[in-house]
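Asks: The primary structure of each chain is shown beneath.
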Amino acid sequence: MDRFAAFKWQALFTDWRIFVDGLGRTASTAGLALLLSLGLGVLFGMLATSPYRSGRSVSRLYVSLIQNTPLVTQIFFLYYALPHLDVVLPTPVVGILGLGFYHGAYMAEVFRAGIQAIHRGQLEAGLSQGFTYAQTMRYVILPQAAEIVLPPMTNQAVALIKNSSILAMISGGDLMFQADSWSASTGYYGPAYLTVWLIYFSLCFPLARLAKHWEEKSARSRSGEVKAA
Amino acid sequence: MKRVLGLMLSAAFLLSVLAGCGGASKSSDSGSSGTLPAQVQKIKDRGVLKVGVKVDVPKFGYKDAAKNTHEGVEIDLAKRIAKEIIGDESKIELVGVNAKTRGPALDNGEIDLVIATFTITEERKKSWNFSDPYFVDNVGFLVKKDSGIKSWKDLNGKKIGVAQSASTKKALTEQATKDGIKVEFMEFATYPEIKAALDAGRIDSFSVDQSILWGYKDDTNEFLPEKFAPQEYGVASKKDNTELAKFVNDLLAEMKKSGELDKMFEKWGLK
Numbered sequence: 001m002d003r004f005a006a007f008k009w010q011a012l013f014t015d016w017r018i019f020v021d022g023l024g025r026t027a028s029t030a031g032l033a034l035l036l037s038l039g040l041g042v043l044f045g046m047l048a049t050s051p052y053r054s055g056r057s058v059s060r061l062y063v064s065l066i067q068n069t070p071l072v073t074q075i076f077f078l079y080y081a082l083p084h085l086d087v088v089l090p091t092p093v094v095g096i097l098g099l100g101f102y103h104g105a106y107m108a109e110v111f112r113a114g115i116q117a118i119h120r121g122q123l124e125a126g127l128s129q130g131f132t133y134a135q136t137m138r139y140v141i142l143p144q145a146a147e148i149v150l151p152p153m154t155n156q157a158v159a160l161i162k163n164s165s166i167l168a169m170i171s172g173g174d175l176m177f178q179a180d181s182w183s184a185s186t187g188y189y190g191p192a193y194l195t196v197w198l199i200y201f202s203l204c205f206p207l208a209r210l211a212k213h214w215e216e217k218s219a220r221s222r223s224g225e226v227k228a229a
Numbered sequence: 001m002k003r004v005l006g007l008m009l010s011a012a013f014l015l016s017v018l019a020g021c022g023g024a025s026k027s028s029d030s031g032s033s034g035t036l037p038a039q040v041q042k043i044k045d046r047g048v049l050k051v052g053v054k055v056d057v058p059k060f061g062y063k064d065a066a067k068n069t070h071e072g073v074e075i076d077l078a079k080r081i082a083k084e085i086i087g088d089e090s091k092i093e094l095v096g097v098n099a100k101t102r103g104p105a106l107d108n109g110e111i112d113l114v115i116a117t118f119t120i121t122e123e124r125k126k127s128w129n130f131s132d133p134y135f136v137d138n139v140g141f142l143v144k145k146d147s148g149i150k151s152w153k154d155l156n157g158k159k160i161g162v163a164q165s166a167s168t169k170k171a172l173t174e175q176a177t178k179d180g181i182k183v184e185f186m187e188f189a190t191y192p193e194i195k196a197a198l199d200a201g202r203i204d205s206f207s208v209d210q211s212i213l214w215g216y217k218d219d220t221n222e223f224l225p226e227k228f229a230p231q232e233y234g235v236a237s238k239k240d241n242t243e244l245a246k247f248v249n250d251l252l253a254e255m256k257k258s259g260e261l262d263k264m265f266e267k268w269g270l271k
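Protein sequence lines, in the order shown, are assigned to chains A and B.
At position 63 of the first sequence the residue is numbered 63 (our numbering), and the sequence of numbers has no breaks.
At position 113 of the second sequence the residue is numbered 113 (our numbering), and the sequence of numbers has no breaks.
Certain hints may be false.
[Stated by the list, open to error] FRET-style restraints, in silico, Cβ to Cβ:
#1 A:Pro92 x B:Lys170: 22 to 28 angstroms
#2 A:Leu85 x B:Glu122: 41 to 47 angstroms
#3 B:Asp262 x A:Pro70: 44 to 50 angstroms
#4 B:Asp132 x A:Leu85: 30 to 36 angstroms
These aren't lab readings, by the way, just hints derived from the structure by calculation.
Using N, Cα and C, we set each Cβ at its ideal position, and we do this for glycine too.
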């Protein structure tokens, strides 16, 4: 019996709502987690490049703690361990916090690298004009860093979308979970997994192309600068 | 554009390879009395029967990690089938499966049979052969003692943790509608995860087949008096292995008639 038999596809199309629900949950979770990770990324990226020693240490601690432990252990901690401390976060919140903090650590590294890529003279020029450190960051450094960080940031967004499928392990109601659940009950796993594979691909591939496009554009404009100088 | 095209082509190639693995081998001879059907003979010639079993369900299919041995009534049944086909009950290879892996493992040919608390449903019968039921179980409810939940109706508005194989979910949804209560479901891939969710207070009731629940009963939890939705367990085989399916079903019928099957279940305190 063919695992991609027509009647299995038919069953999938009859139950299409289940998959759309899953996609909605994946999109909302990934979207909010992305915002959180961007916020954390900017904050810790700035701390990592700040003149204050304690700020740099805090940033380094956060980044190493998160980057050196698997995402699944962090999600399980939020989902299974916190309730024993009387903190019961709803499953969607576990997803947003877990993914947001995980990718925030990578975003912090992206922003740190972006800020450090701006010549030190820019910071000194800003300060000498009477700007405070924060103002120099806000009006001089970050706008220039934005162009550099855009491609790696987008790549992080792609990774975040893919990693959101880990919610399937905690009954998260996301796209992967719905596919798992539906195929376990019907046994029609062929169409289910192929369909979500295609959906994830069509979400991530355009983003990855965009990142590549920006990267090439930014490389071109920077090599132009060199020539002009 | 060219690159996109190339990518799509390689994806299409990948899919065709995947689909191709499902190729069926048609057997010719169904055999007369005395000789085995071709599909069964093939297993005999190979000298080993490969069976997918549970490893986390005490009394049914359980793997003792310390002794590295499988035990349970479904293991006994698997051995009995091996004895019938090959003539030696030790000529058996047991593969641990769960609700998600047992179907694909059959389709891939990794195993010949699944004997793993596999509930027979109409949808599943379209994908695999099922024998007549060898055991009927009910869905039970395990709740925390300090939850104050004393009956099924107390679960109104509560969360029920079920295994990712929604025969439970479907049956309980129907029962809830009938009794005019509302329940919410959370699904997990493995039983230990449901137990962890119960302990963490993420769910109010752990509801799967009662035989499975016994393995998770401890001092902190208790059963509700109700049990619903009879679940019939069958021996499953790949859809085109019809001869093997018939062979197993005939053997089961014989064992039922002679009382051998009952004895097998009594040995494990199941009836």
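Asks: Work down the list of hints and note, for each, if the structure agrees.
Replies: Comparing the hints with the structure gives:
1. A:Pro92 x B:Lys170: 22 to 28 angstroms: holds, 24 angstroms
2. A:Leu85 x B:Glu122: 41 to 47 angstroms: Since leucine 85 of chain A and glutamate 122 of chain B have Cβ atoms about 45 angstroms apart, the given range 41 to 47 angstroms holds.
3. B:Asp262 x A:Pro70: 44 to 50 angstroms: holds, 48 angstroms
4. B:Asp132 x A:Leu85: 30 to 36 angstroms: 50 angstroms Cβ-Cβ, so the 30 to 36 angstroms window is violated.
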